[in-house]
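Enquirer: Turn these sequences into a full structure, and let the hints guide you.
Chains as they are written, first to last, in the working numbering: chain U, 1 to 241; chain P, 1 to 241; chain H, 1 to 241.
Among the hints, erroneous ones may be present.
[To be verified] Derived lysine-lysine pairs resembling DSSO-like cross-links, with alpha carbons at most 27 Å apart:
#, chain 1, residue 1, chain 2, residue 2
1, U, Lys10, P, Lys8
2, P, Lys178, P, Lys18
3, H, Lys10, U, Lys10
4, H, Lys185, P, Lys162
5, P, Lys11, H, Lys11
6, U, Lys18, U, Lys8
7, U, Lys18, U, Lys162
8, U, Lys8, P, Lys11
9, H, Lys231, U, Lys11
10, H, Lys18, P, Lys10
11, U, Lys8, H, Lys8
12, H, Lys178, H, Lys18
13, P, Lys178, H, Lys185
14, H, Lys18, H, Lys8
15, U, Lys8, H, Lys18
16, U, Lys18, P, Lys10
17, P, Lys8, P, Lys18
18, U, Lys8, P, Lys178
19, P, Lys162, H, Lys162
20, P, Lys8, H, Lys185
21, U, Lys18, H, Lys185
22, U, Lys231, H, Lys162
23, U, Lys11, H, Lys8
24, P, Lys230, U, Lys162
25, H, Lys11, P, Lys10
[What the hints assert, rightly or not] Just the calculated beta-carbon pair ranges, DEER-fashion:
#, chain 1, residue 1, chain 2, residue 2, range
26, P, Thr14, U, Ile160, 49 to 55 Å
27, P, Val136, H, Glu197, 52 to 58 Å
28, H, Glu53, U, His222, 34 to 40 Å
29, P, Gly89, U, Glu53, 18 to 24 Å
30, P, Val136, H, Pro220, 25 to 31 Å
31, U, Lys231, H, Pro220, 36 to 42 Å
32, U, Lys230, P, Pro217, 44 to 50 Å
If you are wondering where the hints come from, they were derived from the structure by calculation, not from laboratory data. Ideal placement from N, C-alpha and C gives every residue a C-beta, glycine not left out.
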Amino acid sequence: MPKKKKSKSKKLNTELEKLRHAVDLLQDREAIRELQYAYGYFLDKCLYNEVVELFCEDCEVRFGGGRFIGRPGVMRLYLDRFRQRFTAGYNGPIDGFLLDHLQLQGIVHVADDRRSAHGRFRCFMQAGTHLSQGVVPEGRLQQWWEGGVYENEYVREDGIWKIRLLDYNVTYWGEYDKGWAGWDKHEIGRITTTWPEDPAGADELISPAPGRWPMTPVIPFHYRHPVTGKKWKAAKRKKAK
Amino acid sequence: MPKKKKSKSKKLNTELEKLRHAVDLLQDREAIRELQYAYGYFLDKCLYNEVVELFCEDCEVRFGGGRFIGRPGVMRLYLDRFRQRFTAGYNGPIDGFLLDHLQLQGIVHVADDRRSAHGRFRCFMQAGTHLSQGVVPEGRLQQWWEGGVYENEYVREDGIWKIRLLDYNVTYWGEYDKGWAGWDKHEIGRITTTWPEDPAGADELISPAPGRWPMTPVIPFHYRHPVTGKKWKAAKRKKAK
Amino acid sequence: MPKKKKSKSKKLNTELEKLRHAVDLLQDREAIRELQYAYGYFLDKCLYNEVVELFCEDCEVRFGGGRFIGRPGVMRLYLDRFRQRFTAGYNGPIDGFLLDHLQLQGIVHVADDRRSAHGRFRCFMQAGTHLSQGVVPEGRLQQWWEGGVYENEYVREDGIWKIRLLDYNVTYWGEYDKGWAGWDKHEIGRITTTWPEDPAGADELISPAPGRWPMTPVIPFHYRHPVTGKKWKAAKRKKAK
Chain U
1 MPKKKKSKSK
11 KLNTELEKLR
21 HAVDLLQDRE
31 AIRELQYAYG
41 YFLDKCLYNE
51 VVELFCEDCE
61 VRFGGGRFIG
71 RPGVMRLYLD
81 RFRQRFTAGY
91 NGPIDGFLLD
101 HLQLQGIVHV
111 ADDRRSAHGR
121 FRCFMQAGTH
131 LSQGVVPEGR
141 LQQWWEGGVY
151 ENEYVREDGI
161 WKIRLLDYNV
171 TYWGEYDKGW
181 AGWDKHEIGR
191 ITTTWPEDPA
201 GADELISPAP
211 GRWPMTPVIP
221 FHYRHPVTGK
231 KWKAAKRKKA
241 K
Chain P
1 MPKKKKSKSK
11 KLNTELEKLR
21 HAVDLLQDRE
31 AIRELQYAYG
41 YFLDKCLYNE
51 VVELFCEDCE
61 VRFGGGRFIG
71 RPGVMRLYLD
81 RFRQRFTAGY
91 NGPIDGFLLD
101 HLQLQGIVHV
111 ADDRRSAHGR
121 FRCFMQAGTH
131 LSQGVVPEGR
141 LQQWWEGGVY
151 ENEYVREDGI
161 WKIRLLDYNV
171 TYWGEYDKGW
181 AGWDKHEIGR
191 ITTTWPEDPA
201 GADELISPAP
211 GRWPMTPVIP
221 FHYRHPVTGK
231 KWKAAKRKKA
241 K
Chain H
1 MPKKKKSKSK
11 KLNTELEKLR
21 HAVDLLQDRE
31 AIRELQYAYG
41 YFLDKCLYNE
51 VVELFCEDCE
61 VRFGGGRFIG
71 RPGVMRLYLD
81 RFRQRFTAGY
91 NGPIDGFLLD
101 HLQLQGIVHV
111 ADDRRSAHGR
121 FRCFMQAGTH
131 LSQGVVPEGR
141 LQQWWEGGVY
151 ENEYVREDGI
161 WKIRLLDYNV
171 TYWGEYDKGW
181 AGWDKHEIGR
191 ITTTWPEDPA
201 GADELISPAP
211 GRWPMTPVIP
221 FHYRHPVTGK
231 KWKAAKRKKA
241 K
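Expert: See the structure below:
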């Protein structure tokens, strides 16, 4: 066989492999968006078992200043904490309790070996208890707005994408009748206790505690600037006037 | 020609076809998102002719507890009902009337034969009439928030994706000054009459009528759990306290 | 070499090239969405240097009725106008000042030569100053909602997508306590001065000035109707009742 021929078919094969890889990465992005969106739709309806099953074994959730580590930690957060408090242990929605978690604006980057990925997403929430339900449980609000940013990690195991790290950072809260300008319930949703002392506590508290609205920390970007390729660095603060 | 060669080129062809199919499916997803987003942008501006043209002939809309069937039914809903009531028959926006339909969080699955698809999307609305317009028409609200979930079907005809079923399920309503906790206009937007008795009525009423906020039904997911592959099933309700 | 063989390999190559092009276009869409989303995340945090670096040299921003042309114009808007007024010149967020710019519902079309693209996106904003910050600067609002539509252009230079035209069209504003129905601050955010008389002015004022809420102009679509392929044309207004 002439040598030239061989290299031509080899070139075709190489090009085909490169294309296959590019298509795989596009499919991975779609799968990760779908995973994150499914998380939102399940959470809306207090389907906490379904939420927990979106995570890999070696997972973590950062929420409210606490770290919930591994599947036991993540189950503690969603099943022992949220499910007990929001739906009295029922795996599903309660009439009169709204908990919409809109998921949007995902910037997803998949590692070239297709084993891991990072995703920045945004959450926008409408939540609260309808007046017909009577008294609002202590420590909860009648109705509120909430906005936040995730900087998550995902892993691919046996061809299936799962959440490895869910790192949720609230940007602002606002009670419905006062808005974000009037927010004054500064301790709501803050995790201050650890397991096992608190059976629904975190594995660790994040230290120092992340700044909360009306503080406005920048959640670092997993990605470089899309045009310059520079990593983001905070500018130096000027002295206060 | 040697046998080996033949099979090599055949293998290349097969791989190429598989790749072509994967790319086609990715393009289909993009086309369906675009279709659904275009629906939202048209509806914002009361461009009802343009909305109706997004549907195939054998289409259906489920809205407010009514089923509007086939193109005549869908035209009845958008042209005879919405357009008459919202813009007095004009195909376009009216000053002072806001009707923003944000479309987001789409989970789209295309059938392997590329002839049909399912999509779950979310709608988030801001709507109402500016005070400068004077009186608000009877049966409408001054200004309101609305959130909902679509579980839609799409078909591909002559290479073009169209909406086959638009199934819109409101999660909550809230008048601007009271929010979702204070929602008490329980009959707003409910379809209770059928055609031809009502010239703008539904072809059929959905029975039993879907639960409305403050009820919180789960809209079944067209997709399986992204990690476990299980179909969702409602948990049994515990007895009420 | 037999002729047939040659044409077979040529056919394979042609098919491969077509596929490569389709994959390139899918990647371009992802890159443009990422660019627009990154814009939103940077703007949230008053990272104005990072915002400006998303634009190409020959760029333009249309905002508030003004055109800011070329990199000098765009720097004037983000650095001399927004940064001076919102963060007193600091390139980053100020505690107590919320400026969330949710980016969603992108319809992106890439030119076949992959050198330019159009994108329609939506912005949904929550903004304002927390009460703890004391007095709100003159000409600003305590807290407000805002919705808008972009019809943007992008260019690809040296393989990198950049913003060429950012054309932002506000659909509605609403102060938090009054909503969009009660909007009465009709001069807020309107650009009425030009450079160099105003060092933070526009290069040109758009004439006639675009209609503002409660006016409801249709922002023309860069795309044709996804099903009929027709270009959108406004219907004739009927005489006022």
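Enquirer: Work down the list of hints and note, for each, if the structure agrees.
Expert: Going through the hints against the structure:
For a cut-off of 27 Å, the pair hint linking U/Lys10 to P/Lys8 stands: about 11 Å separates their Cα positions. For the proposed pair P/Lys178 and P/Lys18, the alpha carbon gap of about 54 Å is over 27 Å, so the pair is violated. This hinted pair checks out: H/Lys10 and U/Lys10 have alpha carbons roughly 14 Å apart, not beyond 27 Å. Of the pairs offered as hints, the one joining H/Lys185 and P/Lys162 is violated, with about 42 Å between alpha carbons and a cut-off of 27 Å exceeded.
Between the alpha carbons of P/Lys11 and H/Lys11 the distance comes to roughly 15 Å, so the proposed pair stays at or under 27 Å and holds. Between U/Lys18 and U/Lys8, the direct Cα distance comes to roughly 15 Å. Compliance with the 27 Å bound is thereby established for this hinted pair. About 25 Å separates the Cα atoms of U/Lys18 and U/Lys162, which keeps this hinted pair within 27 Å; it holds. Simply put, U/Lys8 and P/Lys11 have alpha-carbon atoms about 15 Å apart, close enough for the 27 Å limit, and the pair holds.
Between H/Lys231 and U/Lys11 the CA atoms are separated by roughly 43 Å; this puts the pair beyond 27 Å, and the hint is violated. Straight-line distance between C-alpha atoms of H/Lys18 and P/Lys10 comes to about 19 Å, which keeps the hinted pair within the 27 Å bound. The suggested pairing of U/Lys8 with H/Lys8 holds, with an alpha-carbon distance near 12 Å, which does not exceed 27 Å. A hinted pair counts as satisfied when its Cα atoms are at most 27 Å apart, and H/Lys178 with H/Lys18 does not qualify at roughly 54 Å.
Proximity of P/Lys178 to H/Lys185 is assessed by CA-CA distance (about 23 Å); at most 27 Å being required, the pair is judged to hold. Simply put, H/Lys18 and H/Lys8 have alpha-carbon atoms about 15 Å apart, close enough for the 27 Å limit, and the pair holds. Pair hint U/Lys8 plus H/Lys18 holds up; C-alpha atoms about 18 Å apart against a cutoff of 27 Å. Restraint check: the Cα-Cα separation between U/Lys18 and P/Lys10 comes to about 19 Å, which is no more than 27 Å; the hinted pair holds.
As the CA atoms of P/Lys8 and P/Lys18 are separated by approximately 15 Å, the hinted pair is consistent with the 27 Å bound. A threshold of 27 Å between alpha carbons decides the hint, and for U/Lys8 with P/Lys178 the separation of about 71 Å lies outside it, so the pair is violated. Between P/Lys162 and H/Lys162 the alpha-carbon distance is near 32 Å, which puts this suggested pair outside the 27 Å criterion. Taking the CA atoms of P/Lys8 and H/Lys185, the gap is about 71 Å. The hint is violated against a cut of 27 Å.
Taking the CA atoms of U/Lys18 and H/Lys185, the gap is about 56 Å. The hint is violated against a cut of 27 Å. Distance check on the hinted pair: U/Lys231 and H/Lys162 sit about 17 Å apart at the alpha-carbon level, within 27 Å; holds. With a C-alpha separation of about 15 Å, the suggested pairing of U/Lys11 with H/Lys8 holds against the 27 Å cut-off. A C-alpha spacing of about 15 Å is found between P/Lys230 and U/Lys162, which places the hinted pair at or below 27 Å, so the restraint holds.
Distance check on the hinted pair: H/Lys11 and P/Lys10 sit about 13 Å apart at the alpha-carbon level, within 27 Å; holds. The hint said 49 to 55 Å for the Cβ distance between P/Thr14 and U/Ile160, and at roughly 25 Å that hint is violated. Separation of P/Val136 from H/Glu197 is about 44 Å and departs from the stated range, judged on CB atoms against 52 to 58 Å. Between H/Glu53 and U/His222, the C-beta spacing of about 18 Å breaks the proposed range 34 to 40 Å.
For P/Gly89 and U/Glu53, the hinted distance range of 18 to 24 Å is not satisfied, since their beta carbons lie about 51 Å from each other. Between P/Val136 and H/Pro220 the CB atoms are about 30 Å apart, so this pair conforms to the stated range of 25 to 31 Å. Here the CB-CB span from U/Lys231 to H/Pro220 is close to 39 Å, well matched to the stated 36 to 42 Å. Between U/Lys230 and P/Pro217 the C-beta distance comes to about 48 Å, which sits within the given range of 44 to 50 Å.
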